[in-house]
Amino acid sequence: MKILVLVVVVLMGSAVQAQTVSETLIRNATVLTVTRGTLTNTDVLIRNGKIAAVGKNLNASANARVIDATGKFVMPGIIDCHSHSMLDATNEGTLAVTSMVRTQDVLDPTDGNLYRALAGGVTTLNLLHGSANPIGGLNSVVKLKYGRSASEFLFPGAMPGIKFALGENVKRSSTPNQPGVTRRYPNTRMGVEEVIRDAFTRARDYKRAWDEYRAASAKDKNVIPPRRDLQLEPLVEILEGRRYVHAHCYIVSEILMLINLADEFGFKIKTFQHVLEGYKVAKEIAAHGAGASIFADSWGYKIEAYDAIPYAAAIMTRAGVVVSMNSDSDERARRLNIEAAKAMHWGDLTEEQALKTITLNPAIQLGIQERVGSIEVGKDADVAIWNGHPFSVYSRVETTFIDGTVFFDRQQDLARRSERAKERATLEQADPNKPPARGQSPATPRRRPPTHEGGEIEQEEERP
Amino acid sequence: MPKVHPRRIVALFCTVALAAVCAVRETHAQRTAVETYAITNARIVTVSGPIIDRGTVVIRNGLIAAAGANVSPPPDARVIDGSGLTVYPGLIDSYTNLAVPEPSPGPSPAGGGGGGFFLAQQQRPATGGPNSTQPAGLQPEVMVEDVIRPSGTEIESSRSIGITTALTAPRSGVWMGQSALINLAGDTPQQMIVRSPVAMHVSFTPLRGGYPGSLMGVFSALRQMMLDAQRYRESMQIYERNPRGLRRPEVDRSLAALVPVVAGQMPVVMLANTEREISRALDLAAEFKLRLIIAGGRESDRVADRLKQQNVPVLLSLNLPRRTTAAMPEADPETMRVLRSRVEAQQTAGKLAKAGVRFAFQSGSLANISDLMLNASRVIENGLSSADAVRAFTIWPAEILGVSNQLGSIEAGKIANLTVTRGDLFDRNRTVAHVFIDGRPVDLRPPTDRQGDRPGGRPSLSGPWSLNVKLGPEEKTAALTLQQEGERVTGSIAGSLGAGEISNASMTADEVRFTVSLQIEGQTKEATFTGTLSGNEIRGAVTVVGAAPGTFTATRVRPN
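Just so you know, the sequences run in chain order A and B.
If you're matching positions, the first sequence starts at 1 in our numbering and goes up one per residue.
If you're matching positions, the second sequence starts at 1 in our numbering and goes up one per residue.
Treat the hints with caution; some may be incorrect.
When the alpha-carbon atoms are kept at most 30 Å apart in a straight line, the in silico BS3-like pairs for lysine-lysine are as follows [to be verified]:
#	chain 1	residue 1	chain 2	residue 2
1	A	K171	B	K351
2	A	K283	A	K302
3	A	K219	A	K207
4	A	K207	B	K351
5	A	K221	B	K289
6	B	K351	A	K302
7	B	K354	A	K434
8	A	K56	A	K379
9	A	K268	A	K434
10	A	K302	A	K207
11	B	K351	A	K422
Chain B residues, not near chain A, derived (Cβ > 10 Å throughout) [said to hold, decoys possible]:
#	residue
12	V47
13	A69
14	M143
15	P150
16	V259
Covered by chain B, according to a simulated footprint, are these stretches of chain A (three or more residues, beta-carbon under 8 Å) [unchecked claim]:
#	region
17	97–104
18	196–208
19	322–335
Since the hints were made in silico from the structure, they are not lab data.
Note that CB positions come from ideal geometry on N, CA and C, so glycine has one too.
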């Protein structure tokens with residue numbers, strides 16, 4: 001594990017000039033299609049951002065870029081169904097219901113973590129609001145088009161979503177009482193349910209008020225319209241099936257509570273996030289039609305995370321739940337391939353089932369399965385070339401494509417390093433970077449040795 | 001013995017000389033209302049027309065009466081020999097908090113400085129005025145006109161480097177309130193004001209102790225209040241058309257103040273420095289069809305195309321980032337991004353001019369206002385023509401702020417604000433010989449360091465800090481670098497907790513607040529730091545969703 005982390009740290013050093021080539025032919029690779037099995041000695045033809053053909057001995061036009069991938073593996077771009085990368089703010093924690101806030105307003109397309117994720121073969125993220133409140137903010141589904149403007153990251157056609165959260169974080173059991181200060185309601189799991197029920201009751205009334213206004217204003221121009229309420233509008237969209245709910249949760253009682261509440265109001269939970277006890281109610285989750293987006297074997301980090309088992313992915317998959325592995329971490333996002341591999345190790349999922357947990361299944365959970373998640377003709381050319389099987393800790397990504405354009409390339413990255421060192425030297429000598437004249441300036445700073453696993457963060461922030 | 005600058009001696013000399021003039025002027029003023037001055041034999045940079053190599057400017061009754069090569073001083077004029085001097089239109093600082101009183105440091109609103117983020121909405125006093133429907137920070141009805149004070153060392157410092165006019169805006173808030181354009185002389189606020197209100201002001205700085213407490217919430221709160229203002233306007237129109245049979249809509253001062261904004265009549269100044277902040281401002285302006293002006297604008301050259309296309313001008317800060325301290329031997333090297341941004345900030349003005357984006361200079365809360373012209377000369381060395389630099393201090397701000405009929409050039413009939421220098425305005429050795437505001441010469445005192453003479457002497461947060469964080473059983477250290485501009489703070493963190501830029505940062509009174517993404521127990525978590533600055537130390541609380549609250553101490557690496 002540590003080797004892999006370090007490899008990725010080394011990789012993310014420098015920028016890749018995103019290249020637009022209308023046609024690319026990846027030759028003679030082992031192709032992990034996810035939906036059509038594993039194809040050996042197979043070519044993948046990418047044309048105009050789409051997968052144009054998959055097969056043996058394909059022909060490309062004369063000006064196509066041809067990559068010899070003999071001995072290499074091609075897999076669909078990894079989709080991370082729970083990320084907080086790229087966000088300049090994660091939580092609006094002041095209120096219990098913050099469905100008016102949007103992650104899309106605070107995207108940072110220059111976040112260096114995005115490049116690191118690309119180096120791990122990731123191409124799509126579900127950017128979620130934090131878990132500070134029962135009903136949190138709106139999500140953004142993005143393609144990692146690092147180097148482009150924030151608006152170009154947005155995944156066209158992805159279903160809009162929202163973050164819900166239950167349990168310890170929401171009732172803030174870790175926040176101590178302070179004299180003279182009122183704690184934000186709710187403080188119990190009962191209160192959490194009440195907050196959500198109240199919000200949807202208000203949303204129903206809100207929808208009715210607008211329906212009545214529309215009917216009345218058709219006859220009478222002098223009717224004052226109801227107030228547009230940005231908090232309730234997304235909840236109406238949920239009731240109308242136009243917005244997916246991604247609900248952070250841990251324990252059985254709160255999972256069942258939310259399923260019952262959703263049934264009562266007639267909407268669906270699209271994914272339960274974390275859902276570490278989901279294996280205990282796998283049948284109920286499957287019956288509701290919800291997916292589960294989980295960690296492979298991360299648990300015990302708080303009380304509600306004590307009852308987790310590493311067999312959860314396998315148990316839920318066999319019960320018919322669509323399961324994905326997410327990162328919830330800028331660091332884990334670089335090695336989601338290994339998280340998927342763990343699902344084969346714990347619980348004997350097949351290779352295809354395990355692959356699906358980071359490709360097609362998260363695509364289904366985000367409503368983008370017609371576009372990405374497998375290597376099929378007509379799908380977006382979001383693929384990565386690996387130098388070995390992605391389930392090996394010794395494998396690394398060579399090239400990552402999104403819509404047929406290269407956004408990470410290991411060779412280009414290595415080639416640019418000396419150039420970047422020169423640029424740094426020049427920048428250090430520029431007037432505004434000179435320390436104020438106060439005697440001798442110290443020699444080139446030394447790097448501190450890594451003191452903590454995963455804690456050594458590469459400082460060369462990449463500019464797109 | 002303190003070091004005395006040669007420039008200061010000259011300035012001192014000027015002060016003594018002008019004091020004599022002023023003494024005469026005051027007795028004179030009692031006898032006749034019309035004051036007339038003539039500056040003869042001077043080089044005149046009219047800005048509106050060609051430069052006059054040798055000419056006369058006549059000032060009468062507060063206005064420019066005439067300017068030209070063949071103008072003779074009237075017989076009643078007090079004549080100032082301008083040999084060797086250059087006359088410019090009075091310089092305009094297009095974004096300041098001049099004459100706006102600072103809030104006094106008070107007790108922490110979070111009750112002991114801990115955990116404000118997770119707790120219920122605190123009672124916040126409404127400072128905007130009586131009967132506001134909104135908490136402080138969301139009161140667009142606040143008008144700077146109501147609170148400005150006509151004196152202070154900051155005003156004198158600005159004048160001493162040749163600034164005659166300033167846009168002055170409220171200091172804090174999301175909806176900060178409405179600004180005024182003031183001349184930097186006058187005995188009363190009423191005498192100073194050239195135009196009020198000029199614009200609505202917005203900053204993307206979250207509030208403390210209540211919604212919106214994050215950058216996301218800021219945008220939602222702005223959006224909701226603009227929607228409410230649209231509905232307010234519509235409801236009032238419907239009601240006024242035919243009140244019979246309609247329930248009377250409630251009167252709301254906050255929403256009423258936003259009506260001219262959403263109607264596209266009043267410009268909105270949004271504080272935005274980075275490319276993404278500016279893009280967000282542009283998006284919001286497009287969504288609500290606002291008349292946007294960007295203030296700050298450090299990376300505005302990167303969105304020059306959009307600025308030009310949406311016809312959005314920039315009030316460009318000349319508070320250029322510089323490395324403030326030498327790196328400590330044990331520190332991580334600075335990121336390429338930081339190194340690049342310091343170099344590129346000097347090139348922004350030149351690139352904007354080339355791209356045809358309208359802009360004006362502003363001082364951006366420079367700690368030492370005398371750096372303003374030095375930084376302007378750096379900008380000129382990095383690609384801006386000096387003629388455009390003069391424009392960015394004169395006619396361009398006048399145009400952007402809607403006062404080009406009154407200010408910004410030396411033309412008959414305009415307000416007699418003049419800056420007279422010995423040497424070119426951007427020459428590092430130039431001195432300011434005279435400053436006229438509303439047709440009267442003003443005292444020139446050498447500029448003083450702003451932070452030094454603030455009441456209470458509040459030091460700036462800018463510089464490197466050593467951060468120690470206790471979260472649960474873990475104790476970790478990191479390097480924290482902060483940059484303060486007024487109440488807005490930016491910076492970055494690097495160490496075993498992770499590395500990245502801080503966001504949502506602010507400093508009000510002695511309270512510091514910022515958020516940053518940290519690696520905690522294998523998850524990326526957003527941590528909110530709230531602390532109190534005392535000398536060279538910030539102490540306070542760290543709150544993380546889903547973790548027990550912790551404490552932190554930040555210590556200045558190079559103590560003041």
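Of the numbered hints stated earlier in the document, which are not met by this structure? Violated hints (numbers, rising): 1, 4, 6, 9, 10 and 18; every other hint is consistent with the structure.
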